[in-house]
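**Student:** Note that the protein sequences, when read in sequence, are chains F and Y. Note that the numbering used here gives residue 102 to position 102 of the first sequence, counting from 1, and the numbers run on in steps of one. Note that the numbering used here gives residue 59 to position 59 of the second sequence, counting from 1, and the numbers run on in steps of one.
Where hints are given, some of them may not hold.
Only pairs whose alpha carbons sit at most 16 Å apart, straight line, appear in this in silico EDC-like list of lysine to aspartate or glutamate [as the list claims (entries may be wrong)]:
1) F:LYS7 / Y:ASP232
2) F:LYS47 / F:GLU217
3) Y:LYS67 / F:GLU15
4) Y:LYS39 / F:ASP228
5) F:LYS7 / Y:ASP16
6) Y:LYS40 / F:ASP228
7) Y:LYS43 / F:GLU15
8) F:LYS7 / Y:GLU264
For the record, the hints were derived by calculation from the structure and aren't laboratory data.
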Amino acid sequence: MATPENKLAFEGGWEYSPAPESTDHIKVAKKYELFIGGEFVKPESGKYFDTINPATEARLSRVALANAADVDKAVKAARKAYNGPWSRMKPAERGKYIYRIARIIQERAREFAAIESLDGGKPIREARDVDVPLAAAHFFYYAGWADKLEYAFPGCKVRPMGVAGQIIPWNFPLLMASWKVAPALACGNTVVLKPAETTPLTAMKLAEVVADAGLPEGVVNIVTGAGDTGAGIVSHPGVDKIAFTGSTDVGRIIQKALAGSKKNTRSNWAARRPTSSLPTRPSTRRSRASSTASSSTRGTFVAPGLGCSCRSRSRSRLSENSRIAWRR
Amino acid sequence: MTLAAVDTKRKLPDLDRVPRVDEVGVNERVARFQSRSIKKESKLEALQMVLSMIDLTTLEGQDTPGKVRQLCQKAMHLHDAVPGLPHVAAVCVYPTMVSVARKALEGRGIHIASVATAFPSGQAPLNVKLEDTRMAVEQGADEIDMVISRGAFLAGDHGFVFDEIAAIKEACGDAHLKVILETGELGTLDRVRRAGMLAMHAGADFIKTSTGKIQPAATMQVTLVMLQAIRDYFYETGRMVGMKPAGGISSAKLAIHYLVMLRETLGNAWMTPEWFRFGASSLANDVLMQIVKQQTGVYQSADYFSKD
């Protein structure tokens, strides 16, 4: 269907009131150190980098840059925690700690949402209604799994893998951290997490939550930095597993680096796929066209166009009967 | 007079080509309309707009000329304690009461809408419906609210429904025709969209959700689907058709959600009483209470507002 000649007018007229989210209630420190062995420690590198509010390009905070020596410290702390209390703890006890993290995130949801929006530039509505509540929900969910794993897979002995190196991107910073950290902890692993260099703030707030929840030292370590820091984690011999979500280019580098090693990997690469909509049987035809159109647009514009399922193209084989009208 | 198309310009559209409705999507969209920030100035403006779009309605078997005169008085003087309020768009009465309303509202700029065509069931022969309509127009109705033959529509006799609407449109003359789909009896949103399309092609000036006699009456879901039908029809023909949700809208808050939906579906051109109406009897009082609250900061007792 061609672009219609008859236009609707949406400019001007009755306007809604502005509804700005207040930032009075949030606490962002001037400077964030690395979170290693349950403490905030100065980086060996002695260097810091800026994290900005992309809306104004104003600096929000300065964050420590971890070099290879810092990563080594973090991995050693994680190993110590793994050999020490964490992997030997009764699963139900581990679950309690994770429940505690979930509850603290819920309590501080408003602050997390505002910081997520400030640091990453996503609309407050998404941060507030999706990212933060889902992050808490994931911690709750995996906390529940901790003491059930033993019975979930008959015939298998479930055991932790060791120290997990986790590298996450900037489109869902806190949510992505919860996807990575929560299941690893539930299974009895310890983690070294590297948030994206553009969106480290909610991860540093998560470090505060972990400290407040009283997790044993070194179970969760958070090192900030860019590609070099990530490379340090990937190549560190003390890491048993690499979990990566991010761009295809970096994913390739990581796969190359890990080829032939005994490290377990799990990675998700940027998936900018076209939407394909296929004809279906008439009985299920109901609603097809408009749901395809609306899910495509939603998928495209979620997290300001930076979702991993951003449908930058759409392919349709619908009959001319149905109307997916591509209107500019 | 035969039922064959009265006006050959009007043609029954192929209703199979009307797009299917994504019910889940509609529900999600409707939920989003309810989360807009409408406060202070924006709210006051919206409340005044709602008042000016109301078709103040009394459609009871117990209506008397006195009751209708009282309603007309209310239409002209909503709440004189607050100066500068708009008057409602129209009063809506049974055909027998049109002359009473005409006399009471002469020259006041408030339209008189009359239901017709054997409202609310529509179960009468066409000649009776036409006579009902002509009588209401002769008595001075500016707008006719007709009901479609839901039985025929549900039985698949679209041609019958189409011809009937076209015939009534002719009988209306200069009076505007609002076509009530009675969505509560149509069952699915797909049928609502098709019935809306059919009514517009048959010549409706407005499409309207309900008689108010059947539950559910107007809902945001059916109204959204009808607004989308109006949009499609406008894209296709360039002709604007009005929308009137009726029945069940009794709070100012809900009415404002409807305005948000209207604004984001059809845009500014429809945001006037000429193109959008609320069919309601108790909505006006709640809106008035909210306006007083906005202006004075306190709620007044309902006793300060006229009952009818």
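**Student:** Give a verdict on every hint.
**Tutor:** Verification of the hints:
no., hint, in the structure
1, F:LYS7 / Y:ASP232, "holds, 11 Å"
2, F:LYS47 / F:GLU217, "violated, 24 Å"
3, Y:LYS67 / F:GLU15, "violated, 38 Å"
4, Y:LYS39 / F:ASP228, "violated, 50 Å"
5, F:LYS7 / Y:ASP16, "violated, 25 Å"
6, Y:LYS40 / F:ASP228, "violated, 52 Å"
7, Y:LYS43 / F:GLU15, "holds, 10 Å"
8, F:LYS7 / Y:GLU264, "holds, 14 Å"
Consistency with the previously given hints fails for numbers 2, 3, 4, 5, 6, ordered from lowest to highest.
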